[in-house]
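As you go down the protein sequences, you meet chains A and B in turn. The opening residue of the first sequence carries number 1 in the working numbering; numbering runs sequentially from there. The opening residue of the second sequence carries number 1001 in the working numbering; numbering runs sequentially from there.
Bear in mind the hints are in silico, worked out from the structure with no lab data behind them. Treat the hints with caution; some may be incorrect.
[To be verified] Across the chosen pairs, the derived CB separations fall in these ranges:
| no. | chain 1 | residue 1 | chain 2 | residue 2 | range |
| --- | --- | --- | --- | --- | --- |
| 1 | B | Glu-1345 | A | Thr-181 | 34 to 44 Å |
| 2 | B | Ala-1437 | A | Val-126 | 12 to 22 Å |
| 3 | B | Cys-1298 | A | Thr-181 | 16 to 26 Å |
[Claimed, not checked] Selected chain A positions facing chain B (in silico; Cβ < 10 Å):
| no. | residue |
| --- | --- |
| 4 | Ser-26 |
| 5 | Gly-28 |
| 6 | Asn-138 |
| 7 | Val-140 |
| 8 | Leu-201 |
Cβ atoms here follow ideal geometry from the backbone N, Cα and C, with glycine treated the same way.
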Amino acid sequence: MRYLKIFLALALLTPATLAGQSVLGSSGLGLKLEPLDAIQRALGGVGVTARTPAVLPGNPVAALDILAPSIAVTVQPHWGDYTVESDKGSFFATRFPIFGFVYPLSTDAVLTLTAGSQFDQNWSVVSADSVDFGGARNGVTDAFLSEGALAVIQAGWARRWSPVLAAGATVGVYRGSLTRTIRRSFDGQTADSLATGSDLLPYGTGARWTHSGPQASLNVSWDPSPFLQVGATVAWLGTIKLAPAKGSVGDKSEVTAPLEYKVSTIAILSSTLAVNLGATYSNWSDLGGAGLDAAGAGSALSYGAGLEWERLNFWAGGLPLRFGFRRSDLPFRFLGNKVSENTLSAGFSIVMAQALDLPLAAIDFAIESGNRDAGSFHESFRRITVTTRLGGQ
Amino acid sequence: MKRYLLATAILCAGATSSCKEKTSIAPDLGFLQGRPETVEIFIPYEEFVEDVAIFGGYGSTADFIGGVIALDFGGLNARTLITLSDFPTSLEVQGSDGITRTDSDLSFVGGRVVLSFDTVNGSLALPVDVELFDIKETWHGPTVTWEVAVDTAGDRRPWTQPGGGPRTLLGGATFDAFVDQAVDPSASRVDRVNVPIDSAAAVGLTDPSSGTVGLSLAAAEPGVLLNLVDLSIVLLTVPSTRPDTVVEVTVTSDEIDFILDPPPSASAGWLRIGGAPAWRSVMRLAIPRTIESTAEVCGTVGCQVDFTAVDLNLAELLLTTRQTESAYQPQDTTLVDLRPVINPESLPKAPLGGPVSVPQILPPELFAAQAGTVVAIPVTSFVIGIQAAAAATGSMPDAWLALLSSPEPNQIGFASFEGLGGPGAPVLRLLYTIADAVALP
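Sequences are here, hints too, so could you generate the full structure?
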């Protein structure tokens, strides 16, 4: 019960602390954020299969082998640079893409409660211009700032129906908020030579929205042999509603998100080596609004692969080393171009305590180097993901 | 288990607190929404001023630190009236035997009045003769004028002779601020001059039975004006216990007032602020509910927008300076202060609110050689207050604005501005920005 309280306290923070900073978030619902832990990041995974039991939003089957109530927290600092035409910039932020709590009902069943990031809506645009007043052209700077994030809080249940087959399901709700402001500041302190020191007040306006809506998923895992696991997930992303927050005036919007299909497999090649393959597909069109439809990328395919090598021991358990790559289509276009993301990744885990060869406390680490491209836009980024898993009676 | 939990908490806290987020700032790539439009408009006097009133009599010459003397300075005469602190009736004097004793039998044998003048403002180019007189009639500093010595509730006493009553010349001197510079060009200006007084005058000043209640300082030659900063008297006395010794006793001024003749004529169609006693100009503003906008905002030429719907960036009152009568031209900078009138029906004694902006400093040349200059006085916060009241009530409120000098009074000269319609009349300049509501993608 104490874990549940901790989880709920952390989950309440989720919408405010999720903060990606790429300008790609300006398109559609924002920059897609996948709620993946450090193991999945290191393996180029899609969040469906893994050798190590994990707390993954939208996939309670992955937590079936966790034998004690556990929590998992993922921290993800990332930073990067972008160029678009002749302009350059940089960004830095820290996200918390996953908070998760697992409660085993038995050795064959588990309940999960997770909060996972979905879209990052933090971005800004600055534009310099000049306007006529005081008989001259005067410099102004317009800044549009979007601050927000969309997360999903999900409850899940999974059960192992036979030694080789497990299935689960989740239901959840979107949570988050979006604040958009525009501000004009005047470059000079005074309007013109007539002025005797009058300060020019900046102009500003804005609005705030809240996100809501349902989401659900079905999950299945099949182990056709002791050396092979195949998993699949179908996620119904539901309708995401944006409504003006209390005290704010603005328009409403509803986005019809598509079904998302995920398949993945992990094959044990030897006692120390495993390979993980995964892919996702969704069709981001017919989203419910002309503006969004124009921004939708249409078919979005992602795939990745990774190797896990575990020969060394460190602290209280094995020291698996992971390497992977991932290529993803993002669901929204940027300046009319489809956006693709490519990453190379590496990582490891440190087991601090374990029982029955299953980790009770561990830290997973992943580092990725990647880029996103869309026409003349190029963004390179580095992303570190650290997941802490804690379990016990 | 607890240590792992603690480690996790520390990890999370470190990740969030040690890293300052930096949002990427892109140039405008075409998706800047609801781009604002900034518009400048000038509302003429007739469209935003409902009424104007000029009130005088705020403060008195007694509020001044110092005095003024003038003789036919552009037609202006001014005299400074001084009351002195109590004269000593005894002294501690050391006798020839080295013992200090109290001597209450003092004999005053003469002295000098030390005058300190302002060496920046006034008629300083040439030496100025000044004269010192005694005054036999009492006066009331806050209400004294050239004609009236006391003008309080139930007590109005004109001078028996305008200008301070009958008077007797005590002495004279010539003030020359450049006397030292004539010898040494690097020397500082001189701000002091002594007026010697004889033993009879000294006794008259110190003897209550003489009827002398104060001193009057006046200019002795026409066309000059000087500002008195301070006055003190150094008396020479011979103690009865040491008849071979002369002791100097200094008496300071207690109160310095001045009287003017003639007072400035009433304002006729222009705005006036400052002076002593001070003048204020009060305007009743009636800003129109709809104001001009531009084709960029409305899509049509010559359109109007709701005044309460725009975001003000700047509001300024544009005033055109005019030449003040030569005798009352400001000698020093004028700090123009604008304050809302809290209770207009109580004018001219209505209380005022706080300054609507930092007082603007206007040099004296703007009211002399540079008359006709347009000066901008910021009133942004005041106009925003009008906007807010209009938005809350649905109708444009009455708004009263007082123009005054700060402090009040601070010089006998006053600032003048064109007003009440016609060329150079006040104009309200507004700079506002308007944009479409921020929308969802």
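(message) I want to verify a distance hint. Is the separation of the beta carbons of B:Ala-1437 and A:Val-126 within 12 to 22 Å?
(response) holds (20 Å)
(message) Quick check on the hint: A:Gly-28 CB to chain B CB, less than 10 Å?
(response) OK, holds: A:Gly-28 within 10 Å of chain B, min 6 Å.
(message) A range of 16 to 26 Å was offered for this pair. Does it hold for the Cβ distance of B:Cys-1298 and A:Thr-181?
(response) Once the Cβ atoms are compared, 24 Å apart, the range 16 to 26 Å for A:Thr-181 and B:Cys-1298 holds.
(request) For the hint on A:Leu-201, just tell me whether its beta-carbon gets within less than 10 Å of chain B. (result) holds (5 Å)
(request) Could you see if the CB distance from B:Glu-1345 to A:Thr-181 stays within 34 to 44 Å? (result) With a Cβ separation near 43 Å, B:Glu-1345 and A:Thr-181 satisfy 34 to 44 Å, so the hint holds.
(message) So, as I understand it, the hint says A:Asn-138 touches chain B; can you test that by seeing if any CB pair is closer than 10 Å?
(response) With a minimum Cβ separation of about 9 Å from chain B (threshold 10 Å), the hint on A:Asn-138 holds.
(message) So, as I understand it, the hint says A:Val-140 touches chain B; can you test that by seeing if any CB pair is closer than 10 Å?
(response) holds (7 Å)
(message) Hint validation: A:Ser-26 versus chain B, beta carbon distance must be below 10 Å. Holds or violated?
(response) holds (6 Å)
Comparing the model with each numbered hint stated earlier shows that all of them hold.
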